[in-house]
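Colleague: Letter by letter, the chains look like this.
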Amino acid sequence: MAVRRSIAGIDSPEALAEALRAAQYLADEGLATAAYLALALGKPLLLEGAPGVGKTEAAKALAAVLGRELVRLQAYEGLDASAAMYEWNFPRQMLAIRQMGDAYVNLYADDFLIARPMLLALQRPRERLLLIDEIDRSDHEFEAFLLEFLSDFSLSIPERGTIRAAEPPVVVLTSNRTRELHEALRRRCVYHWIGYPDPQLEAQIVMMRASAVARDTAHRVVAAVGKLRAEPLAKPPGVAETVEWAEAATLLNAQGAPWPAAFARAIGVVLKDQDDLMFIAPRLDRILEGRA
Amino acid sequence: MTPRALDPFLAFPRALRAEGFLAAPSQAESFLSAVGLLGPRSIRDVRRAAHAIFGPGPDRRQAFDDLFDMIFLGRAFLIPGEATSEETPRAFDAGDTEEMLPPDEEDPSGREASRRERLFARSFGVVDEAALLSAFARALSGALPRRRSRRLQAARQGVADPRRALRDMARRDGEILRLQVRRRRMRQRRVLTLIDVSGSMKGGTDAALRIAHAIIRTAERAEAFTLSTRLTRVTRALRRRNREQALALASGLVADWDGGTRLGEALSVFLSVPRFAGFARGAVVIIVSDGLERGGPEALIAAMTRLRSLAWRIIWLSPLAADPAYRPETGAMRAILPLIDRLEAGGDLEAMAGALVGEAALRRAGTFR
Numbered sequence: 061m062a063v064r065r066s067i068a069g070i071d072s073p074e075a076l077a078e079a080l081r082a083a084q085y086l087a088d089e090g091l092a093t094a095a096y097l098a099l100a101l102g103k104p105l106l107l108e109g110a111p112g113v114g115k116t117e118a119a120k121a122l123a124a125v126l127g128r129e130l131v132r133l134q135a136y137e138g139l140d141a142s143a144a145m146y147e148w149n150f151p152r153q154m155l156a157i158r159q160m161g162d163a164y165v166n167l168y169a170d171d172f173l174i175a176r177p178m179l180l181a182l183q184r185p186r187e188r189l190l191l192i193d194e195i196d197r198s199d200h201e202f203e204a205f206l207l208e209f210l211s212d213f214s215l216s217i218p219e220r221g222t223i224r225a226a227e228p229p230v231v232v233l234t235s236n237r238t239r240e241l242h243e244a245l246r247r248r249c250v251y252h253w254i255g256y257p258d259p260q261l262e263a264q265i266v267m268m269r270a271s272a273v274a275r276d277t278a279h280r281v282v283a284a285v286g287k288l289r290a291e292p293l294a295k296p297p298g299v300a301e302t303v304e305w306a307e308a309a310t311l312l313n314a315q316g317a318p319w320p321a322a323f324a325r326a327i328g329v330v331l332k333d334q335d336d337l338m339f340i341a342p343r344l345d346r347i348l349e350g351r352a
Numbered sequence: 303m304t305p306r307a308l309d310p311f312l313a314f315p316r317a318l319r320a321e322g323f324l325a326a327p328s329q330a331e332s333f334l335s336a337v338g339l340l341g342p343r344s345i346r347d348v349r350r351a352a353h354a355i356f357g358p359g360p361d362r363r364q365a366f367d368d369l370f371d372m373i374f375l376g377r378a379f380l381i382p383g384e385a386t387s388e389e390t391p392r393a394f395d396a397g398d399t400e401e402m403l404p405p406d407e408e409d410p411s412g413r414e415a416s417r418r419e420r421l422f423a424r425s426f427g428v429v430d431e432a433a434l435l436s437a438f439a440r441a442l443s444g445a446l447p448r449r450r451s452r453r454l455q456a457a458r459q460g461v462a463d464p465r466r467a468l469r470d471m472a473r474r475d476g477e478i479l480r481l482q483v484r485r486r487r488m489r490q491r492r493v494l495t496l497i498d499v500s501g502s503m504k505g506g507t508d509a510a511l512r513i514a515h516a517i518i519r520t521a522e523r524a525e526a527f528t529l530s531t532r533l534t535r536v537t538r539a540l541r542r543r544n545r546e547q548a549l550a551l552a553s554g555l556v557a558d559w560d561g562g563t564r565l566g567e568a569l570s571v572f573l574s575v576p577r578f579a580g581f582a583r584g585a586v587v588i589i590v591s592d593g594l595e596r597g598g599p600e601a602l603i604a605a606m607t608r609l610r611s612l613a614w615r616i617i618w619l620s621p622l623a624a625d626p627a628y629r630p631e632t633g634a635m636r637a638i639l640p641l642i643d644r645l646e647a648g649g650d651l652e653a654m655a656g657a658l659v660g661e662a663a664l665r666r667a668g669t670f671r
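Residue numbers (the numbering used here), protein chains in the order written: chain A, 61 to 352; chain B, 303 to 671.
Errors might be hidden in some of the hints.
[Stated by the list, open to error] With beta-carbon atoms standing in for the labels, derived distance ranges:
#1 B:338 / A:342: 29 to 39 Å
#2 B:475 / A:151: 13 to 23 Å
#3 A:89 / B:338: 25 to 35 Å
#4 A:244 / B:480: 40 to 50 Å
#5 A:314 / B:328: 22 to 32 Å
#6 A:274 / B:346: 30 to 40 Å
#7 A:244 / B:363: 36 to 46 Å
#8 A:261 / B:363: 15 to 25 Å
#9 B:346 / A:169: 30 to 40 Å
#10 B:326 / A:142: 49 to 59 Å
[To be verified] So, partial list: chain B residues that the calculated Cβ filter (under 7 Å) puts toward chain A:
#11 329
#12 456
#13 466
Don't read these hints as lab results, they were simulated from the structure. Each residue gets a CB set at the ideal place from its N, CA and C atoms; glycine is no exception.
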């Protein structure tokens with residue numbers, strides 16, 4: 061196993077956390093450790109967590125820290141090799157056959173190969189970061205098919221043979237945990253469960269992401285969201301919702317709405333489910349009163 | 303690091319494995335590398351490395367940390383809730399030992415009689431059971447949900463198959479004579495039938511087994527289990543073509559007819575056997591039960607949540623739901639209602655067959671009245 065202690069000048073979880081902070085992402089210790097180990101051990105990083113806790117953001121920040129281009133592959137049921145790996149440019153191949161007449165033409169040259177995200181990541185492992193987003197949406201067959209890629213970082217193209225990465229590319233997988241991932245997949249990855257951040261950290265995130273929001277507003281929003289998450293909701297608000305709520309309430313307040321009313325009127329950016337809204341409506345005043 | 307200091311690092315993955323966590327040899331190796339990378343300056347670094355490499359899910363984090371404390375800090379702990387009393391459900395699979403068929407005998411329990419009685423009371427005609435079951439089997443193959451396989455196959459209609467077209471072209475000197483097309487193949491989803499055979503379900507289990515037999519004979523990939531105080535795999539028995547033989551064989555395997563209901567625990571036993579749980583992945587799960595649970599609903603809710611994350615659809619057939627006035631009132635049933643896709647009436651053979659394939663489709667497939 062190739063172990064690299066330092067990647068792009070980052071030689072410890074603390075250094076990575078610091079660099080992520082500079083890239084506008086506040087990572088807790090567990091995430092920084094898992095991400096650092098994934099980089100150092102050359103393994104994929106699997107991030108699981110509820111929707112809206114910043115899994116995709118983490119991958120984007122990591123790409124920014126490493127100075128790499130983010131190649132994103134959104135998983136969905138029915139995702140297949142031609143969308144994920146590579147495809148032959150058939151119209152061009154056919155044209156080439158016609159144009160060349162009797163001359164020799166290599167139909168499987170690079171000119172005719174269209175690289176898709178997984179191949180893109182293998183071709184330039186030092187310049188790209190592959191994000192396979194919401195892997196739980198894909199079907200099991202795609203998951204099985206990822207196994208070869210994630211353990212050897214190689215792809216087989218029948219006409220060309222096996223393409224191997226010069227060094228392990230950085231791969232981040234995210235999952236909302238709508239279904240359990242296969243153990244063989246989890247085994248190959250460094251894992252981190254992103255939970256909801258603690259109130260202190262979340263308030264910092266709100267202030268960092270939404271610069272117009274006052275300190276006091278940020279803390280009130282975080283306290284209210286914390287109470288909302290304790291309620292039995294179909295869809296508890298994520299961090300992204302917290303930030304949006306703070307921004308929306310600040311906007312309404314600037315237009316003259318008093319504070320608690322501004323929060324209450326902007327509730328639509330936090331709760332996006334009719335049943336949840338009906339359930340929370342009578343309790344909303346109690347949730348909004350008081351500070352953290 | 304002296305070999306002796308290395309001991310806990312080797313013992314930890316073993317202990318994890320013993321407790322049912324995921325800890326492959328390659329992960330154990332990564333764990334050692336990770337600890338080396340992090341310093342380690344303190345036991346915290348070791349714990350962080352363990353979390354990142356072995357990745358316990360949020361629900362088992364506490365057990366993982368307890369195990370960690372035991373191995374690395376020498377702290378004792380108790381494994382919660384692992385009582386090994388006689389009552390704990392166990393998994394039972396007869397394997398391939400085909401047993402002798404018991405002789406045909408009259409059922410002294412009167413189960414058959416009471417079932418017929420109910421059937422008669424509800425429907426407006428006498429139902430020809432054999433005709434109903436064969437109509438069900440005919441309608442089933444069309445009604446079973448299919449999923450699109452990743453495999454493409456040549457077809458008459460579909461999207462262009464450039465790879466084949468190109469090969470064809472190269473062979474024919476660059477001429478296209480016929481456009482080659484292909485499409486994604488369709489596969490049947492797996493069907494998993496779980497039948498509650500506890501005392502409260504008495505009278506409905508025979509019909510449920512008949513339905514399961516028809517499913518197993520028809521579907522490409524299907525499994526059936528009975529649940530009560532223990533879990534029994536009856537798939538192999540129900541594979542027989544002759545219905546009565548298959549049912550007799552299956553009944554012989556089930557040792558806990560009319561026992562107490564421990565649905566939650568039997569389900570968690572089902573889920574804890576990887577071979578069984580793997581079958582539920584992406585499958586249509588049919589549960590035949592009244593949902594009456596002895597004891598608290600927690601185990602059932604936990605097991606259903608887990609099953610939900612594996613299964614594609616969960617269909618619950620309850621004999622109680624046949625009553626139009628039925629509302630899921632028990633704590634367990636109310637809690638798992640959002641986890642299931644359909645709650646249908648499952649009082650008798652006709653209701654079950656109708657719920658699974660649709661009544662119209664069932665009538666189209668044959669006359670049974």
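Colleague: Hint by hint, note whether the structure agrees.
Modeller: Evaluated hints:
1. B:338 / A:342: 29 to 39 Å: violated, 56 Å
2. B:475 / A:151: 13 to 23 Å: holds, 19 Å
3. A:89 / B:338: 25 to 35 Å: violated, 19 Å
4. A:244 / B:480: 40 to 50 Å: Given about 42 Å between the Cβ atoms, the range holds.
5. A:314 / B:328: 22 to 32 Å: Once the Cβ atoms are compared, 55 Å apart, the range 22 to 32 Å for residue 328 of chain B and residue 314 of chain A is violated.
6. A:274 / B:346: 30 to 40 Å: This hint holds: roughly 36 Å between Cβ atoms.
7. A:244 / B:363: 36 to 46 Å: Violated, since residue 244 of chain A and residue 363 of chain B (Cβ atoms, about 22 Å apart) do not stay within the stated range.
8. A:261 / B:363: 15 to 25 Å: holds, 19 Å
9. B:346 / A:169: 30 to 40 Å: violated, 54 Å
10. B:326 / A:142: 49 to 59 Å: violated, 31 Å
11. 329: Where the cut-off is 7 Å and the nearest Cβ of chain A is about 6 Å from residue 329 of chain B, the hint holds.
12. 456: Violated. Min distance 16 Å.
13. 466: Because about 10 Å separates residue 466 of chain B from the closest Cβ in chain A, which is outside the 7 Å limit, the hint is violated.
Against the hints set out earlier in the document, violations occur for numbers 1, 3, 5, 7, 9, 10, 12 and 13.
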